[in-house]
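Go ahead and model the full structure; you've got the sequences and the hints to work with.
There are 2 protein chains.
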Amino acid sequence: MATATPSRSYALPAPLPLDGGQALADASIAYETYGELAADKGNAILVCHALTGDQYLASAHPVTGKPGWWERMVGPGKPIDTDRYHVICANVIGSCMGSTGPASAGPDCQPYAMRFPVITVRDMVRGLVALLDGLGIARLHAVVGGSMGGMQALSLAANFPERAARVLAIATTARHSAQNIAFHEVGRQAIMADPDWREGDYYAHDTAPDAGLSVARMAAHITYLSEAGLTEKFGRRLQDREAKSFGFDADFQVESYLRYQGSGFTRRFDANSYLYITRAMDYFDIAEEHGGKLADAFAGSSARFCLVSFDTDWLYPTAESRHVVHALNAAGAPVSFVELSAPYGHDSFLLDVPALDRVVQGFLDG
Amino acid sequence: MATATPSRSYALPAPLPLDGGQALADASIAYETYGELAADKGNAILVCHALTGDQYLASAHPVTGKPGWWERMVGPGKPIDTDRYHVICANVIGSCMGSTGPASAGPDCQPYAMRFPVITVRDMVRGLVALLDGLGIARLHAVVGGSMGGMQALSLAANFPERAARVLAIATTARHSAQNIAFHEVGRQAIMADPDWREGDYYAHDTAPDAGLSVARMAAHITYLSEAGLTEKFGRRLQDREAKSFGFDADFQVESYLRYQGSGFTRRFDANSYLYITRAMDYFDIAEEHGGKLADAFAGSSARFCLVSFDTDWLYPTAESRHVVHALNAAGAPVSFVELSAPYGHDSFLLDVPALDRVVQGFLDG
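The listed protein sequences derive, respectively, from chains P and G. Letter by letter, the first sequence follows residues 115 to 480 of our numbering. Letter by letter, the second sequence follows residues 115 to 480 of our numbering.
What the hints contain is simulated information worked out from the structure, not anything from laboratory work. One should not assume that every hint holds.
Since the list gives no way to pick out one identical chain from another, each pair is judged satisfied if it fits inside one copy or across any two copies.
As the list claims (entries may be wrong) - Straight-line C-alpha distance at most 30 Å; calculated DSS-like pairs for lysine-lysine:
#: 1; residue 1: Lys192; residue 2: Lys347
#: 2; residue 1: Lys347; residue 2: Lys407
#: 3; residue 1: Lys180; residue 2: Lys358
#: 4; residue 1: Lys155; residue 2: Lys407
#: 5; residue 1: Lys358; residue 2: Lys407
#: 6; residue 1: Lys347; residue 2: Lys180
#: 7; residue 1: Lys155; residue 2: Lys192
#: 8; residue 1: Lys358; residue 2: Lys347
Since this is a predicted model, take the numbers as computed values, not measurements.
Below, the structure is given as structure tokens:
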């Protein structure tokens, strides 16, 4: 495990302007860093987290006690080598691990709940850039992310082109598809259908919309795995029994696994944050932000890009990465692209795929 | 619209034996017929319905008023030609359109609710065969079905091989995969998480678990459509507005469509039936019923088979149909197989795919 400095919080010195037209006052960003910042501040790598991720990139999660979510990638001698690089990972605004979000106190000292402004991925990136300003880091060695982290990496490249020399976007997309939106809408409806949601005002109550959030997580979790991966991992195998029960218990291992994923998630994540962050992802369309043409979004970039997709990822399939690569080509940006073969579906970027390690290390050190 | 005789009900003369070990007493089967039965009773075609289907194959649905679910396929001069064939369609046991299911009164005159026995697809077929017995139809000209209807067609062929001369199974599978089970489990958990579900005992109350059932339907509905079909139909287009609302209304057309699908469904379907029928589908594995080898299931068959899959169906992809075809080949059964190209995903079997019409007509009349 990499040695982490204790989780820090950066109070933004000015209100954060948002795409929705409001500004978020008194916001703060919780972050972790790993490795030493060079005297010239030229060795910083920003890693952006996914929908339900957080700043505990390579250090134990304070709630679950589990290892950091990318321990296998980040640490001394690892592909993102903390002996060489100063690695920063910050909780996005709207989330619930220390950065300002719907559970945070608003101006009236009560939790924002649904009075929190709807944010976008670009707003998250504005928060991250404000943090970099505070840290005095003018230009990153690289910005790196998978899934929603990749969206942030691409958004940073499009909107703050001078802030990163390298952009590594893994298992991601430049826009949410109708199917992506549809799955998120199922999750939101599951949360909002839970009477314990109380229009978002559940913080002062003993109960939170855990049942709805759990269903939302279960639905989403299926999209993170490949059909073949599920078959290999679970197939039709029964859970701790010899025969079907002819009841509604979790007879099948895959049922038991999904229930566990759902209930475990509610212990570490805020339902309102799930609403806000899925909304931000559904709104995500870099081309739309830049006059409708994706290539135009990257016209001002001087960064080198690397896109990585996985052949079994049906959430953000290879075609989405290729779409970005074509736009970068049209914009004249240097870009490399690789589709990796891995059985785990979208979650491959988090799992043991040695080919990904080599691509990441090669791109960052090259 | 084909002219339908009024919906009839057949009271089973004996308790229906079930795979779970119980027997269902005093069960009845609601059905519709179209076209005249020949004097030799040799022109009967049984059409089996899908998860949320019913006996209103080619006549208006009494709740929604909408045309029958396969009007385009069944009627005078249509591919399943009611000028030639006597077409029977019955509501499966466990459902809620007149056949005995969880909403029906049990022996104590109260609704069964969750005291209804867990059933299997083979149990549904036992009910259908009992109906055929009652109608005096010893051997069908054909049994036909798509999705869960195709499962019933295959199950009838495997378990009652003398009862059908032709078996036409469309967009289906011989077993539910881990991913299939996972999506159904999300739906069941959504229903059971709804406080209005009340452990299934909601019939005497003013409210039913509509919110949970609606979420279940939304999740399932995504699996019925292809990603490309969703993109073509909705893309990222907004619903009745010029710009994003920066709120949680249904900004996108696909959100509005899904909500409509969910809420409309609750008006015509019973939540407990949804639990029981999805369970039956998840239990479905014809090979397991026959010693573990699918070919053995069809060893006694004298029927001709036709399997049809759709290239964009990711719920029951072509590989599942091919798996059945290989088993039928191994069993020495005559089988034809076609993968059709259609943009609509799993729902293609219900929609305007002229190539399907030709395959159906050719197989039935050949």
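Consistency of the hints with the structure:
1. Lys192 with Lys347: within (28 Å within a copy, 45 Å between copies)
2. Lys347 with Lys407: between (41 Å within a copy, 21 Å between copies)
3. Lys180 with Lys358: Neither: 33 Å inside a copy, 38 Å across copies.
4. Lys155 with Lys407: So Lys155 and Lys407 fail the 30 Å test inside a copy (34 Å) and across (65 Å) alike.
5. Lys358 with Lys407: between (54 Å within a copy, 19 Å between copies)
6. Lys347 with Lys180: Classified as within: same-chain Cα gap 22 Å, cross-chain 42 Å, threshold 30 Å.
7. Lys155 with Lys192: Answer is within; shortest intra-copy Cα gap is 21 Å, inter-copy 75 Å.
8. Lys358 with Lys347: within (19 Å within a copy, 40 Å between copies)
Going through the hint list in order, the structure does not satisfy hints 3, 4.
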